[in-house]
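J.: First to last, the sequence lines map onto chains A and B.
Per the numbering used here, the first sequence starts with residue 53, numbered consecutively.
Per the numbering used here, the second sequence starts with residue 191, numbered consecutively.
Hints were generated in silico from the structure; no laboratory data involved.
You may find that some hints are simply not true.
Cross-link-like lysine-lysine pairs, in silico, DSS-like; alpha carbons within 25 Å at most [said to hold, decoys possible]:
#1 Lys220/A to Lys667/B
#2 Lys398/B to Lys270/A
#3 Lys298/A to Lys667/B
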Amino acid sequence: MRRRRMLVLALAGLALLAWSAAPAAAQGTPTYVGSEACATCHEEVADTFQNNAHRMAELDKEVVAEHVGCEGCHGPGSEHAAAEGDESDPRFKNIKVPSKMKPAESSAVCQSCHRVGEQMHWDQSAHARHDVACSDCHSIHEAKSPAGKGLLKQAIITNMCVSCHEEKKGTLANTAHMPVREGGMSCADCHNPHGSTGGAMIRGASNTDLCVSCHGDKRGPFLWEHAPVREDCVACHQPHGSNNDKVLAGKRPYLCQRCHSYTRHPSTLYDRPDLVGNRLFNRSCTNCHSQIHGSNHPSGKFFLR
Amino acid sequence: MNRKHMTAWGLLIGLAMLVAAPGFVGAADKSVADGTFTIGSQWWDLSQPEAKFEEYREVPQGTFLRDFSFRQGEKRHLLRLSGANVFKNDQSVAMAYWNGGKVRIDLDYNQIPHNISSITRTPYAEVSPGVLTLPDTLQATNQSNQSFGTTAQKDARYVAAMRDALLNARRIGMGFRTDIARARLRVRPAAGWQYEMKGSRRNRSGTKPYGAPFGFSSAIEIWEPISQSMLDATARLSYQRVKNSNGMSLQFTGGVSAFDNKIDKLVWDNPKRISDSTYASAYSPGDGSVRGQMDLYPDNRSVFGNVALGLTFGTKVALNATGGIAQNTQDDPWLPYTVNTAIAQVDTFPLPGTNTNAKVTITNASLNMAWRVMPDATLNGRYRLYDYKNKTEEHIFDGYVRMDQVWEPFQEISEGVEYKDQTAGVDADWSPSRKISLAATAEQVLLDRPDREYKKTKEMALQGTVHLRPAAGWHMKGRIRHGNREERSGGEFDSTGYLDGATIIEQPGMKKYDLAPRVRDRYEASIAYSPSEKWSLSVGGTSLQDDYEGSELGLLEEKEKTGTIGVEFQPTDRLQLMGSVGWVKNETFQASRESGATVVLSDTTRWTAELTDETIYWSAGFAWSAPRGKWGLSGLFDINRAPSTYDLANFKKTAVSLPSTEYRRQSATVELRYQLLSSTSLLGEWAWEAYDVKDLSTENVPLIFPLTGSSNAVFLGDSVLDYKAQRVAVLLRRTF
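Work out the full structure, taking the sequences as your base and the hints as a guide.
T.: Laid out in structure tokens, this is it:
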């Protein structure tokens, strides 16, 4: 009974919220005039727009959106057009300029079409919450990326990301790194800058889910599991780059000894004299425990087989 | 299908679409086409054969097509083709095609090489996939030598025989390549509806170094033969609608992913044996079986589905909810306990089944509500659940065979790992004016791990952020975060854990850092100043500190500090200068307790390790163009230096710290551009790169290690080498 009452209250609250959020009636006077009218003044933009994927949307507006083309983003342009380029005419400013709008408002313009797929979780993304607008990364009229991919403002996605996330520049250049610097991967292969349900906007429900989407060999499930491997690859690896083999977060054997302090060899202090032993040299612990991500061998409990 | 076929197919499909699209070619009056390509020749020289130079790339030698892109649009059709390093090991080719707003097709193909070493040498021969053999004569000699004299004399004979054999070891390259082919079809059949199908095939083939021991002091390094493929297919149906500023989106996604390992086991010869035997002690020096057998990564599958709903009410409220389920399974047949025929117990104690029959169900859900309470204030509430439930039945083994050497009569029970992660948070953002914005976050993470030392933990984190824009061009940001992870009721610490026939036991006081109680503090500050479009300056820094106050052993403390400075200056329209400096310093402090067979709870056995790991990064560049843009010159220099130190200490004051290590990479590139014609440029490039390594464990890796003593490891000799490289290229870039 109490639970039902709570449910009714919650629904009522949501309904109230929806009602309070309902927009005021539209009162603007401008009307839609079509992209051709825009092209009469903005010839250069119109030219570059010919090879822009957004032009395609204009051809099938019945399935894309009610208003597409220039006015799909800039709003109805009759007033602006009527000013005939006269900036002193008050009507000249009666046009939406997303790059000059507040981030949330300009992103809402894009979201009027881009609400699903990659952009499904935009509203909950850290970028949206921290006032990053779509137009901060995307150049809608003309892209700088090869052949216009993603209509990005920079030719290389990673350069786009590190222009704000500068602290990642150094780690991406570390000796052990993923092929980001070489262009084999980009930040967007692991992170969805438009938001996701995972932490740090990763393209997976968990870090491990993301990693095994490429490293399927580590997905298991195995007969003998190594618990941190299953829970979070980032417990041992630094995906943005490190100074240790295999982008490990620390040098072996000390990384392993942060958890493995059993009697006998795991808790031995491997100091300089032990350089002659194979537990400090080369691959250290994984010289023997090579199946560290898990084993399916009946004799593989200690990841030796 | 090999890489050339894939590339050819991609190009053929692209060209076919170019020709087949109705009215596409030839309708020049309305068709708009543009593109660019860069072609030329390149020469380079490398001082030492270090694979790092081409770790994830192929640096072309001779004539090559560096890149191309092409776009053509006409009426309903738009085609985009692009590629880089075509026909090289790191090529990428992509095609996108639009038919109006209704249909979009994407095809792309990428190759990512991973060259690990080009100097490895081995006496092993791969006689069939996954089977590595040694000459019988070598095995026979070594076995016979084990009958002579003292342990030291046996070792000396072994080292001598192996050294002779290794003199003739052949050189093999070590590395693999991942080939990824992707296809995507997006269709918008009716207003608001979108259907998307994606598929990808990821093939990986090659080798990578792999440890394959025969005993406690007999590490053998061979290679993992890699021949794997991964097939993924996803279908998604979405619906979106916006009416009166209110929006709704609904999305169903389902898919499968299958991993297939074409080489499911690795069999390799033991250099010390020509006939099978068993060794009484668990601490065998490798005198047991003729060969070893290892299970390589098993085939596995994943099936998943999820649904996502998004609602927006004007610009005030956005609600998102998702729910998903996935099932991962694995039923690769088990290998026998061992291939050592001398271990009779294998017949006495049969395996408890034929495969793991592993099954995991992952449930995830999220709920997020963003509410714009005032025009300049938002409140965001979020909850996320990730439940990894292992439904694999436990398997009880009567014992196991340690490194194919000896039967260990200790019952082992397999246990599937499972855990549940619940994260709930509230974020408040308020911008009272354009000059200031404030944000606060409260977040709680609950973790349940029924099979681990801490069964239940919770972490509460509070974060505050302030953004200041005191004047035009200024942006300052400060952030503080404090988190506290602790055990929660019903999840008390239990470290009875691991007991292996009473020979190895857990040290009391050891708490694993991925679940131990932890206090985390993070500070972040940055200032950006951009008074005009001509120049900008940014300075930032972060500090992170993790304290594991309740831990006596294991990781006790970790600190990370970063600093960055970036500057861009454009004194004239024709000259641009940029530079950046970055610094990252990570310090860890850990402790352990040395012991033999039993734990000695005394400070006399305690040791500590204080490790520092730094990265210092510099980058400077310029771009200049002559009046009228006929000539252009640009350059970039960067250096990444990463020194690390390893300070070790123990109660007895006998510990000797390790030598410090350092990795350093420098590169410089200068490009001269001359515009021959309005659409054609001539480029000259010179690049220099230097890589210096000082690392005790990866430099000078011998084939047999050490040359004397009882620890006889056979390695691949894949030392990391210093190198210097120079590259010169002459290229023609044409746009059309």
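J.: Hint by hint, say whether it matches the structure.
T.: Quick rundown of the hints versus the structure:
Between the alpha carbons of Lys220/A and Lys667/B the distance comes to roughly 18 Å, so the proposed pair stays at or under 25 Å and holds. Taking the CA atoms of Lys398/B and Lys270/A, the gap is near 15 Å; set against the 25 Å cutoff, the hint holds. A hinted pair counts as satisfied when its Cα atoms are at most 25 Å apart, and Lys298/A with Lys667/B does not qualify at roughly 34 Å.
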